[in-house]
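Asker: Keeping the supplied structure of chain P fixed, place chain E upon it in accordance with the hints.
In order, the protein sequences belong to chains P and E. Numbered per my numbering, the first sequence spans residues 1 to 529. Numbered per my numbering, the second sequence spans residues 1001 to 1353.
Keep in mind that the hints were calculated from the coordinates and are not lab data. Don't take each hint at face value.
[As the list claims (entries may be wrong)] Every beta carbon over 10 angstroms from chain E, so not counted as near; a handful from chain P, in silico: (1) L9; (2) V11; (3) S13; (4) S14; (5) P132; (6) A147; (7) A162; (8) T164; (9) G167; (10) V224; (11) R286; (12) P300; (13) M317; (14) D442; (15) G491; (16) V508.
[Unchecked claim] In silico contact screen, one side only, chain E against chain P (beta carbon under 8 angstroms); selected entries: (17) G1045; (18) P1050; (19) P1054; (20) T1055; (21) P1057; (22) T1059; (23) V1060; (24) W1077; (25) W1211.
Quick caveat, the model's predicted, so the values are computed rather than measured. Quick reminder that beta carbons are idealized off the backbone N, C-alpha and C, glycines included.
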Amino acid sequence: MSPRPGFVLDVDSSTPPTLFWRGERFSLEKLPEGSRVIYAPEPLEPLKDPVAAIRHALTHPVGDQKPLPDLLFPGMKLTIAFDDISLPLPPMERPDIRQMVIEQVLDMAATAGVDDVELIVALALHRRMTEPELRHAIGDRVYDAFAPNGLLTQHDAEDPDALTHLGLTDQGEDVEINKRAAESDLLVYVNINLVAMDGGHKSVATGLASYKSLLHHHNPATMVASKSFMDQHRSELHSANWRMGRLIKESGVNIFQIETTLNNDTFPEAFSFLQKREWEWKARDRVNYLASAAALNRTPPRVARGIFHNIKAPHRMTSVQAGEVEAVHKITTENVWAQQGVEVEGQTDILTMGLPYISPYNVNSILNPILVACLGLGYFFNLYRGKPLVREGGVLIMTHPTTPDFNPVHHPSYIDFFEQVLTETTDPVVMSEQFEEAFATDPWYRHLYRTGHAYHGVHPFYMWYWCAHALNHLGAVIIVGGDAKTVHRLGFRSATTLTDALEMARDVVGPSPSLTHIHTPPILMADVK
Amino acid sequence: MSPTKGTANSLRSRRAVREESALGFGDGPGPLERFSPRRLTTWVGRQRFPLAAPTWPGTVVRPAPKHTLGVDYDTAWSRRYPVRLARAVVLDNITRPLARVVASPEIRGEDALVGLEAPVIFAANHASHLDTPLLLSCLPNRFRHRTIVAAAADYFFDRRWKAIAWSFFLAAIPIERAKVNRRSAAVAAELLEDEWNLVIFPEGGRSPDGWAQPFRGGAAYLAVRTGRPVVPVHLANTRHILPKGRTALRPTHTTVTFGQPLWPGEGEDSRKFSLRIEAAVAVLANEETTDWWTARKAAADGTTPSLQGPDVATWRRSWALEPHPGDRVETTGPNEDGLKPDSRRPTWPKRPS
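Here chain P stands alone, though its shape is the one from the complex (with noise of 0.2 angstroms):
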């Protein structure tokens, strides 16, 4: 049976309470009648046999591009770039798709008999990557085989010797760029593109960037005119990078981009329920359910995070294209939505999610206030296309704790930039004009991202930046369950139950307000009419 396409469902008196995620825990909880649930497809079938996928992607290139045989011959320099932990999410099972094709790409260069090749992690601001991390990506013979000699190395944004400019958009933003990625005969790129929003020119224009080229997007004045940035066609973020990467193929830099797309199957059998639709729970599910709730209840925070980041995801690959980079984007963009795209009538007076344990930034890690506020406010509020979910003036109603727990190892400046920042200022402009500089260029935070495992000084901020299209459209925010401190530090309102949070809401929006709820995970993207 073919799988089921996305589903809205109009809440009546016999539907079941819904589920909602609050971090490592979740609940069930009645919807009003006459609210909507938004539930993503179901998992696309899997290409049957994906090395033979790849090899038939890479030796049949898309738009201006050669096959990649033909681009390979010896005494060439060849750099492979591939993106870093922030995908897939969960990460999934092994093996990991950029181990799949990286594997290929080598293969094809070793026939070649290419002997400079170099892998770069295209991390561009984020944390680097642990070593069992990178193994589990690409696999333990290609990390045995380059890393020892130093040839697998991690993107530093803050390198100068390792970084290149190669000149100014005609918007005069600065394109500077990984230098040997920028040197090298071939600069093959192995991207996932797990949300409309990765791949294309951004691959490379932001992965393998500088903070300097980075900061002509990453601002608020780009995000709030970004709308979404899900939809490549009305999101000045990815104006921005086509005018980078244009200029990047422009100043000779050879790029054979390689873009996979993966299904929806997001959880393992054991937490499969918490993609089904609750309906359809079978007995099996229900256990399921009451087990891992009542458990996750009792047990500490620390502990049901480890148990969560331990999940690996059975994602399996739905495509794989490769070529020129817009021609490959175009099909994986294609791709991306008819995994994702469900279509939904109209706006809503108020939208609700239950925020889950991971996001982009937080894998292995916590997921700190700052990166509650960007996944609800950043991510899930910005998975639409035409029109945003909620209506402009709306509420956003999420549920998570929210503690004020900080990875200090992953998270240094969030640290700071909650105590400094969000106390004085919650407005993006605001805090972009008096702290973001002295965030992004503090020596200890730079020297943390360079030799630690931290994410850059500046990270806190475009976090927070990536709120600023939602804190300019909505009319408040509320959280569910959140320390109620930590919440009122964001800037947003606290309540304890659902009911109390709708009750807030109404005097808000009005007293017969119109309720959308988005059921992610799995993601899905809402095609807003």
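Answerer: Just chain E now, kept in the frame of chain P:
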């Protein structure tokens, strides 16, 4: 103030109830009763989702339930080797002796099966529930343990226990009899190609009045589709044993007559072939009441009596049937309606004095 008599009594009775309850004798549920299946069922029934099954939103169309019974019942398990072995043991040691006792079959025309290569389709008339075990028990060994039976999906496969029982005892497969069903036809054809013989009753069900019903095209269709022969079989007198509407066994003598195998002719469609099969069974029926030579001559002349009996009023059709051998009979007068010349009718049973 001293307590009134009534108060004292009520206090006493309350204490007694408490004590009895503690011992498990009182009106309240005792420890055993508290965890009785009935109380547990009631408790579970009162629970809500997720303890209880979820309710279905009224705004969502329910998908059609998955059918696992009737024509959709999967009988593959009944053809696995251990099950076949167990069935062979039951068929040879229980079913066959029982059929011999109840039906005392006389087997004729067995030589028609000599040298005939399996798989074949056995097409017989159908008047009794005993027809299938009787026919199976009369088949030569080389056919008997590799034969499946086409059984009405709506009757033999409507309950799980029935589906299991008939699949096991008779190697039955469900066949839709009310309409043509691709799935059941495909399963039967697949099994024939897998060298399983098939017993099928082309009438689609037991005779309602003792006379045969028109043959349907199933047997012919399968023969045409698979290119396998049909062996016509006539079962005589089985209508006395377990006919429609009767549940008690009534032992009698029966005759099982095998005819010469019929092959579908080149370009012959299943409708024409089905008429040929019906005619062949009618000849065997005639042979049972006359003799082989007379039946052959009648067949050649086209005067073989129809299996379906005379086209007259119901009571007269019944009147024209052969009585049970044990019934008292009187010879009727001359035949005016073309009924069998030796038709006899039973006398009315005498009232007990």
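Asker: Hint by hint, say whether it matches the structure.
Answerer: Now for the hints, and whether the structure bears them out:
1. The Cβ of P/L9 does not lie farther than 10 angstroms from every Cβ of chain E; its closest approach is about 6 angstroms, which violates its non-interface assignment.
2. Residue-level check failed: P/V11 sits 7 angstroms from the nearest beta carbon of chain E, not beyond 10 angstroms.
3. At roughly 7 angstroms, the least C-beta separation between P/S13 and chain E is not larger than 10 angstroms, which violates its mark as non-interface.
4. The claim that P/S14 is not at the interface with chain E is violated, since a C-beta of that chain comes within 10 angstroms of its own (minimum 4 angstroms).
5. With a closest Cβ-Cβ approach of about 36 angstroms to chain E, P/P132 is found to remain outside the 10 angstroms limit, as its non-interface label requires.
6. Every Cβ of chain E is farther than 10 angstroms from the Cβ of P/A147; the closest lies at roughly 47 angstroms, confirming the non-interface assignment.
7. Against the 10 angstroms criterion, P/A162 stays outside the reach of chain E, whose nearest CB is about 54 angstroms from its own CB.
8. Listed as outside the interface, P/T164 is consistent with that label: its C-beta sits roughly 57 angstroms from the nearest C-beta of chain E, beyond the 10 angstroms cut-off.
9. Against chain E, the non-interface label of P/G167 holds: every CB pair exceeds 10 angstroms, the least being about 56 angstroms.
10. For P/V224, the non-interface assignment is confirmed: its Cβ lies about 37 angstroms from the closest Cβ of chain E, beyond the 10 angstroms cut-off.
11. Not every CB of chain E is more than 10 angstroms from the CB of P/R286 (nearest about 4 angstroms), against its label as outside the interface.
12. With a cut of 10 angstroms on Cβ distances, P/P300 stays outside the contact zone with chain E, its closest approach being about 24 angstroms.
13. No Cβ of chain E approaches the Cβ of P/M317 within 10 angstroms, the least distance being about 29 angstroms, so the stated non-interface status holds.
14. Every CB of chain E is more than 10 angstroms from the CB of P/D442 (nearest about 49 angstroms), matching its label as outside the interface.
15. Even its closest Cβ contact with chain E, about 35 angstroms, leaves P/G491 beyond 10 angstroms, as expected for a residue assigned away from the interface.
16. No beta-carbon of chain E comes within 10 angstroms of the beta-carbon of P/V508; the shortest separation is about 27 angstroms.
17. Against a cut-off of 8 angstroms between C-beta atoms, the interface hint on E/G1045 is violated, since the closest Cβ of chain P lies about 15 angstroms away.
18. Checking E/P1050 against chain P: minimum C-beta separation of about 4 angstroms stays under 8 angstroms; hint holds.
19. At its closest, the beta carbon of E/P1054 sits 4 angstroms from a beta carbon of chain P; the interface hint therefore holds under the 8 angstroms criterion.
20. The restraint placing E/T1055 at the interface with chain P holds, with a minimum CB-CB distance near 4 angstroms, inside the 8 angstroms limit.
21. Because the closest C-beta pair between E/P1057 and chain P is about 4 angstroms apart, less than 8 angstroms, the hint holds.
22. Using the Cβ-Cβ criterion of 8 angstroms, the hint placing E/T1059 at the interface with chain P is satisfied: the shortest such distance is roughly 4 angstroms.
23. Restraint check, E/V1060 versus chain P: the minimum CB separation of about 7 angstroms is within 8 angstroms; hint holds.
24. At its closest, the beta carbon of E/W1077 sits 24 angstroms from a beta carbon of chain P; the interface hint therefore is violated under the 8 angstroms criterion.
25. Violation of the interface hint for E/W1211 is found here, the shortest Cβ-Cβ separation to chain P being roughly 47 angstroms, above the 8 angstroms cut-off.
Consistency with the previously given hints fails for numbers 1, 2, 3, 4, 11, 17, 24 and 25, ordered from lowest to highest.
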